[in-house]
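Chains as they are written, first to last, in our numbering: chain U, 1 to 141; chain X, 1 to 528.
Worth flagging that the hints you see were computed from the coordinates, not collected in a lab.
Possibly wrong hints are sitting among the right ones.
To be verified - The list that follows gives simulated cross-link-like pairs (lysine to any residue, SDA-like), each with its CA atoms no further than 25 angstroms apart:
1) U:Lys-140 - X:Asp-34
2) X:Lys-364 - U:Pro-80
3) X:Lys-143 - U:Lys-84
4) U:Lys-140 - X:Lys-364
5) U:Lys-84 - X:Thr-30
6) X:Lys-143 - U:Gln-76
7) U:Lys-140 - X:Leu-35
For reference, the chains in residue letters:
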Amino acid sequence: MITGLDMDRRNLLKWSAIVPLAAAAPYTALAAVPQGVDALVIDRRHWPAGTPTPLAGLAAPQLFTIDGDVTQLWYQTLDPIWRKPGFVLGGVTGSDALFVLEVLAGDRGRRVTQRRVLDPVVAGLQPVSWIIAPHHPSVKG
Amino acid sequence: MTTPKGISAQVFADGLAEMRSAVGADWVFTSQEDLHTYRDFYSVLWDEPDERVASAAVAPASVEEVQAVVRAANARGIPVYPISTGRNLGYGGAAPVYSGSVVIDLKRMNRIIDVDEGNASCLVEPGVSYFDMYRHLQETGSKLWLDVPDPGWGSMVGNALDSGGGYTAAPYRGHFEAQCGIEAVLGDGELFRTGMGALPGSETWQQYKMGIGPSLDGLFRQSSLGVVTKMGFWLFPQPEAYLSASIDLQRFEDVEPLVDLFNELEYGNIFNGMPSITSPVLTRGNPMMFQPVPEPEVMNRMVEETGLPAWRATAGFYGPEKVIRAQWEYMRDRFSAQFQNVTFKENQFVKLPLSAEDMQKVSKARFGVPSLEIFSVGSNGFGDFNPSDGHIWFSAIIPRTGKGLVEANRVMRRECARLGIPLFMFSPAVTCWTRSFVLFAAVPVYKDGRNKELRDNVQEIIRICAQHGWGEYRCPPAFQDAVMDSYSFNNNILRRVNERIKDALDPNGIISAGRYGVWPKHLRGGRG
Ligand SMILES: Cc1cc2nc3c(=O)[nH]c(=O)nc-3n(C[C@H](O)[C@H](O)[C@H](O)COP(=O)(O)OP(=O)(O)OC[C@H]3O[C@@H](n4cnc5c(N)ncnc54)[C@H](O)[C@@H]3O)c2cc1C
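Chain X extracted, bound-state conformation (with noise of 0.2 angstroms):
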């Protein structure tokens, strides 16, 4: 059994058997068989010695149980790392940030507490996946959708935590904008509730998030401050019908008018579904792979020759069907009033609930329905991807305006090709939050020694996004030091306020030591 760094076998021992007894002995894992399932399938340190791996894993069910291991490990500098269903993959997996962190696995406690069909909420504790919410919902009858992220096996909780993100409408498909609540057990062991939860007998934890006071629910957003045990979440009504519909324009100047406009469009409520803007004559040979942007004149070439439109603006409404049809024909109006040249097309209408036939045919994240789908894509011809070596997602905040999205493509391009990075997705211009452009690209990491290289280069992508002033909203254990330095304004206040938070809240740094680059005191100076 590794221990570990610091805590002797006998500590160590002792931590762990009174875990135990606070849980039972069938819920802690120590063999190496059962380490290695919270291993990152994903990580780009395979198998190297610096992979980031646990000591042990303990699953308690309760509040309760949650407090005890806790306090177990805060009594004798344990490091812990909780995990809600640990299905970080991309982004870490379930493994620890500070290996030898003792995982806590809170698959256990799945609990839904409660779906306010009137408030249109939920209460559910952090081992809820999106399947067993779907079920619950499904089973109960209830008229709420949820938003699902693209693999469905993952938590309401952990997702959110790690600030993810889905598909349908703007106030949902940004999950920690949507959460409404939140409990969690601190570094001591004490029960902390954030909002209206903070007052005994309020029956409106889930309705209003911010309680008096500064507002704390972001302090448990990527943060390693504490285990979050509850959380509530804004639920979406079902809407009566669903439209896709797409605009294209036909030359490459077109692109900061047609930025500018979307945005007013959606700023003021006209559609509320996910906005993309794409090139279909960028991505003639495969839909994820936005190519560079040329220089305008060859880009207005390449439209002339292949006849395909240089920008696609497609834009996503819920709601019912007179009013989504209506605003679509203002958005049509607006956009002829605008520009010349353009062409609209309806892509998908679908009544709902969804009919079992319309359910083979939707992407079904658009509609809340979690699915696994997305881990056979790769076979099915959307680029290189076999699920089992894994790959990493680049994730950086861009501006939403044509010339930034022109502006990400190319740096991002010119500079993954120059250092040999392999992408197998490319998209620049999408978003799960409200008011922002995500350049998103999918790295495949190796399991063969190539990925020292790979980290190299990561990290030199992300000193090149941050000098644009880009910077990552997400990104696996091993580069949230880097991207934590870029976010580096008077001389990187945000990381030392965060510490000052840590040391706090977590003065003995046993919580998710290292998590998105705040790390105790005690592990500061070498970083981990």
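Looking at chain U on its own, in the form it has when it is part of the complex (with noise of 0.2 angstroms):
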């Protein structure tokens, strides 16, 4: 299931920030962000209640944020996205968002790349850190 994906094409600068963020973080889901990717998905359940939210401190363009659900992600960004060439989405999520985000990018023509699944799980939470990226020929970059 997993192929090989060209991170060298990528601006690993642009998630530079989130490098100082993952030392910081009350999770260690944040220290396995996956890095070179076109946007992140960060899902919030992974936090623990009450503390308080590193993802401020990203500066990054592409930031998106979800509490499990991912259907307003999907629906409102990442459909039109996907349905062009390229694009390479990175998250740290639970297992369950992740499955739904690998269905739907699979009808695109995408292909999780990589995926490490992480502990601790919470709440019977299991966090995932992943990468999506386009593998049929029409959406290849």
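Two independent chains are provided; combine them into the complex using the hints.
Right under this line is the structure:
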């Protein structure tokens, strides 16, 4: 299932803001934030209640947050983007949210090209760090 | 590359080559990685030798391409399995019923051919998802609603063909009931249309279902007779308002007259939203888990001790505010006249279209708004539900009476407990269809070898339900033979007639072999 992804073609610097953040994050998931992607999805459920969200510190042009449900993100943003060639998406989300995104991505010729299951499972939620990239010739950039 | 049983590698390669020349090489899939996406992620046979898997997949973009693919298969006896969006999770996913079939993936045929505002109808290709149609209606400023199932990523066509349902008003939420006109490619590649679609030049295909002679739409419901390439649907003219209201009753003995009166009011068009009957005292811990109905005196004592009602009937009303308020008032009068100790509650009233604020508060499917939030409900506390592990639905039609509801609850809960079937949702009295009750139970499936026992147990439940006269209306492929077997009147004449039709319309038996227990002649002996 897992195919290689040409990470070099992406501007890693774009995500350099994440690195200091990862050290400060209350949750180890942040340390596994994928790099070198066009946009990043963060699942807010992985922050313990009451912890100030560190995301405010991210000046990323394309940073998306969800609370488990991917509907709005996909419908408003990803679906139109995924209909066109290119676009590498990374994320740290619950496995439930990734399951839905992975199926939707498949519709548009995209695959999960990296998947890292993270610890710990909190309240039944399994965090996963992942990358979804174009796969079918019709969307390869 | 695996080949379908009985087809030589050479013949299969030939067939795929012909399909490639019809649809383009990029749209025929044979790699393991590609075929993985056509597995049923909720399969009760996951990773076992008998798991139903595709040998290849092909994605045509037009009716002509579908015809070419079917002809290529028919000439060689290659089994094919059409899907629309292939999201049939809980009932088989995107995988074929007969392992080794070539999946005909119709996602690329996603044109909304027509939305007729005046006739409140549409004509769509199979790849049109609920989200696609919703977007179209929003962008064109249409005043029409569609009716959606809980997950909005499926297709209007695929969902309706498997007899799916949604949550708005009665004529729309039974999706096959709301269809009006089907076009299908038959096993020999011929193009067929039902109803007024058979009359060249007719403008009434989406107005009058039946056309002339026997009504043939049903041939394509849960069937193995064609690849549906177009389907018409009636859409719901946006109502002015919605009201959800409930009626609480305090005694076990109220259930029978409650259901009778509820039925009379729904069938008399006093309310048109989805009916549901539950028991607050028996769903205390979890609204999704209806506990076993105890003996009358025990239940009445529980009611006294907890202060919770024995029964709650909830009705939805769609229409002009004045009208639906009058309907609700009439309903209250009727219940007050018949029951002592009845209480009423307005759960929700909203004017339509929904404001942005209301949109955040409502259950979207009741308003025809597609969503995927169901896949995150497990983590919101509605039962132990993880979408990546999966579940199957057990969906039996039970009598629409108080007695029937109680008996189905007791038998199912008792037998599931005896067999150790872990349920995470159990709701014995809802319906998407007119004049029926469905007992829905969600049963978790596993990826770690526990499925064999689960399968045996579900087969046993199918048998027990059949002994009581309750039959599933829809089920995953692993149980389709057993369920079809249970419809056994006159030595299974239902299946035998289906087989005769299958032999006549698809003599080479290439389309959707085994779907809902109907196998082509050459596979019938061993049932696939
Ligand atoms: C959490 C959850 C909640 C659910 N809630 C609901 C619900 O509220 N209501 C509901 O109805 N379902 C529900 N489902 C079941 C299922 O997900 C939906 O019914 C879904 O819409 C079906 O997938 P689809 O539309 O992609 O149909 P498909 O998978 O494309 O089609 C279903 C079957 O129909 C046949 N078929 C499809 N297209 C064609 C064609 N063009 N020609 C010939 N045969 C064809 C095939 O045999 C196919 O396997 C739920 C599932 C889950 C996991």
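Outcome of the hint check:
Proposed proximity of U:Lys-140 and X:Asp-34 is supported: the alpha carbons are some 15 angstroms apart, at most 25 angstroms. For the hint pairing X:Lys-364 with U:Pro-80, the CA-to-CA distance comes to about 22 angstroms; that is within 25 angstroms, so the pair holds. Using a Cα cut-off of 25 angstroms, the hinted pair X:Lys-143 and U:Lys-84 is violated, with the two alpha carbons roughly 30 angstroms apart. Note on U:Lys-140 and X:Lys-364: the hinted pairing is violated, with a Cα-Cα distance of about 35 angstroms set against a maximum of 25 angstroms.
At most 25 angstroms may separate the alpha-carbon atoms for a hinted pair to count; U:Lys-84 and X:Thr-30 meet this at roughly 24 angstroms. For the given pair, X:Lys-143 sits about 21 angstroms from U:Gln-76 by alpha-carbon distance, which is consistent with the 25 angstroms threshold. Restraint check: the Cα-Cα separation between U:Lys-140 and X:Leu-35 comes to about 19 angstroms, which is no more than 25 angstroms; the hinted pair holds.
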